[in-house]
Amino acid sequence: MVAVCAGTLFLTAAAYQHGGHEHKSTAQLAPKDDYAARGVTAEADGKPGTIVGYLRDTACMYRVPTVTESTNDCMKQCIRAGAPLGIITIDGVLYHPISRKLPDSDVRKQLIRYAGHYVKAEGKLFERAGSHAIAIQKITVVPKTAK
Amino acid sequence: MNLAMKYGTIVLLAGTVAVMADGRRQKSTAPNEGSEGTAATVQGLVRDIACPIQNKKATSTDFNLECTLQCARNGSPLIVLTDDETIYIPISESMPDVSQRERLMPLLGKRARVTGSVYERAGTHAIAIKQIQEVPQK
Numbered sequence: 175m176v177a178v179c180a181g182t183l184f185l186t187a188a189a190y191q192h193g194g195h196e197h198k199s200t201a202q203l204a205p206k207d208d209y210a211a212r213g214v215t216a217e218a219d220g221k222p223g224t225i226v227g228y229l230r231d232t233a234c235m236y237r238v239p240t241v242t243e244s245t246n247d248c249m250k251q252c253i254r255a256g257a258p259l260g261i262i263t264i265d266g267v268l269y270h271p272i273s274r275k276l277p278d279s280d281v282r283k284q285l286i287r288y289a290g291h292y293v294k295a296e297g298k299l300f301e302r303a304g305s306h307a308i309a310i311q312k313i314t315v316v317p318k319t320a321k
Numbered sequence: 463m464n465l466a467m468k469y470g471t472i473v474l475l476a477g478t479v480a481v482m483a484d485g486r487r488q489k490s491t492a493p494n495e496g497s498e499g500t501a502a503t504v505q506g507l508v509r510d511i512a513c514p515i516q517n518k519k520a521t522s523t524d525f526n527l528e529c530t531l532q533c534a535r536n537g538s539p540l541i542v543l544t545d546d547e548t549i550y551i552p553i554s555e556s557m558p559d560v561s562q563r564e565r566l567m568p569l570l571g572k573r574a575r576v577t578g579s580v581y582e583r584a585g586t587h588a589i590a591i592k593q594i595q596e597v598p599q600k
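In the order they appear, the protein sequences are chains A and B.
Residues in the first sequence are numbered consecutively from 175, following this note's numbering.
Residues in the second sequence are numbered consecutively from 463, following this note's numbering.
Hints are not guaranteed to be accurate.
[Unchecked claim] Simulated pairs of lysine to aspartate or glutamate, EDC-like, Cα-Cα distance not exceeding 20 Å:
1. B/Lys600 to B/Glu555
2. B/Lys518 to A/Asp219
3. B/Lys519 to B/Asp545
4. A/Lys312 to A/Glu296
5. B/Lys519 to A/Glu301
6. A/Lys318 to A/Asp265
7. B/Lys518 to B/Glu498
8. B/Lys592 to B/Glu498
9. A/Lys275 to A/Glu296
10. A/Lys283 to B/Glu564
11. A/Lys318 to A/Glu296
12. A/Lys298 to A/Asp265
13. B/Lys518 to B/Asp545
14. B/Lys519 to A/Glu296
15. A/Lys250 to B/Glu555
16. A/Lys298 to A/Asp280
17. B/Lys600 to B/Glu528
18. A/Lys275 to B/Glu528
19. B/Lys518 to A/Glu301
20. A/Lys318 to A/Asp280
21. B/Lys600 to B/Glu564
What the hints contain is simulated information worked out from the structure, not anything from laboratory work.
The shape of chain B in the complex, shown without the other chains (with noise of 0.2 Å):
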């Protein structure tokens, strides 16, 4: 076997390799590790998104109760909105991620403390929830 063939074989086998590799990872069911996030302890209004995000005047102190209700009672995405307009988009602890919602409609349209990890992509921000208690309103 010359040198060339000895070259060529081995980059045959190689690229073998890289393919059966690249198979295993497409097929791979392991959830997305990622980052752990920071810990953090948040304080906030949990309600729907669509609103405050479109009339800004509501806060986590001043806004429409019924449309928070009535939106959420429609499916609407909830979220924990803080004193200093921060949208916090709820996650689950472990991944695969699974729906939190459950958790926080117990407490729609009151003041909530949200202890867990803290994301943020692109100005937006995430906390992946390990616990939540309601608090007094403001």
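So that you can see chain A by itself, here it is in the shape it has in the complex (with noise of 0.2 Å):
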């Protein structure tokens, strides 16, 4: 008995600990908006947006068609081994993070630490044939209920 209550301690402690660094995690990708003062096309310049949704490696995500939030360590490995990032959001659709500007640069790096959260990206969003891709200017860690 004394365990299981020293073990729910433990268990609130951490999720209370977690969960405060969640929401004071927020990051600024890159600096405002420059693609008009490149004279880049409006077609090509995107649309402003907001998206929600779980920050996570891409190959699972096609691989298990149901699975969102990670269970297990697969996870870990698959962005260890370098595989390519993702955002799935609430709806279901997977954006794929790309850099602010042209050239495109990795912005794989300054992802990372938001694996396994859910997250509030702003930036621009792009749509191809069915694929997505956000330029993130302003990253925040939400809980999984934000909208």
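Take each chain as given, in its own frame, and dock them per the hints.
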């Protein structure tokens, strides 16, 4: 009984600590939009938008169409081995992150810390032939229930 | 032991077993098995993902090679862009997934035939590469 109580207290404390960290985790991934300054056409400029979804490796999401959250070590192993990252929204749209500038640059390193979390990502949204991408301006860890 | 106590004990035992089983599942290091996908061969341009998703005029045969090379050098994720504009995200044959970048970089800006298993989720596509080889440009 004592062990059960101690375990419950430990888990509650861990969850609280985790939650506290989540809500503070925000990052500006890039300076303000510079598309216009570079003369990029409106068509290629994307649409400003905000998405909320779970950030993880893309491979598992393709192989297991029902999976969203990570329930085992597969996500960690995939990411460790260089798997590309993606954000799957609550309504099931998979976004591939890209940088805010062209030529594109790797944003993976900046996003790894958000893997395994629900995030709110603001930026420019792009779509082509069913594929979606987001050039992230700002990203924040949010609770699962956030919209 | 009366009936209520017996049921109580059974419920407690079942709960303990369920909690233990859940704990084992959480600690599992086994990769996600998932589906086998659909065996297929696709042909297309090996390039970065950013340019074609932003510039819809860029196709598998008419594209800016310099931008492709610069994006890829900067670490942009690589894809295969087919003639019907489908974007395939390359993934590994086995799980856990392993970056396919090293296999694709030699074919950057070139046309390739990719054989493997294709997957689709919410309109986006991936291909688990079994074999990839350069083919002549159209």
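Quick rundown of the hints versus the structure:
1. B/Lys600 to B/Glu555: violated (28 Å)
2. B/Lys518 to A/Asp219: Holds - the C-alpha atoms of A/Asp219 and B/Lys518 are around 11 Å apart, at most 20 Å.
3. B/Lys519 to B/Asp545: holds (12 Å)
4. A/Lys312 to A/Glu296: OK: A/Lys312 and A/Glu296 at ~5 Å, within 20 Å.
5. B/Lys519 to A/Glu301: Holds, because 13 Å separates the two Cα atoms, which is no more than 20 Å.
6. A/Lys318 to A/Asp265: holds (13 Å)
7. B/Lys518 to B/Glu498: violated (31 Å)
8. B/Lys592 to B/Glu498: holds (13 Å)
9. A/Lys275 to A/Glu296: Status holds; Cα separation ~15 Å.
10. A/Lys283 to B/Glu564: It holds: about 18 Å lies between the C-alpha atoms, which stays within 20 Å.
11. A/Lys318 to A/Glu296: The hint holds at about 17 Å.
12. A/Lys298 to A/Asp265: Holds. A/Lys298 to A/Asp265 sits at ~18 Å (cutoff 20 Å).
13. B/Lys518 to B/Asp545: OK: B/Lys518 and B/Asp545 at ~12 Å, within 20 Å.
14. B/Lys519 to A/Glu296: violated (25 Å)
15. A/Lys250 to B/Glu555: It holds: about 17 Å lies between the C-alpha atoms, which stays within 20 Å.
16. A/Lys298 to A/Asp280: Distance of about 16 Å is within 20 Å: holds.
17. B/Lys600 to B/Glu528: holds (19 Å)
18. A/Lys275 to B/Glu528: Distance of about 15 Å is within 20 Å: holds.
19. B/Lys518 to A/Glu301: holds (9 Å)
20. A/Lys318 to A/Asp280: violated (27 Å)
21. B/Lys600 to B/Glu564: Violated, at roughly 24 Å.
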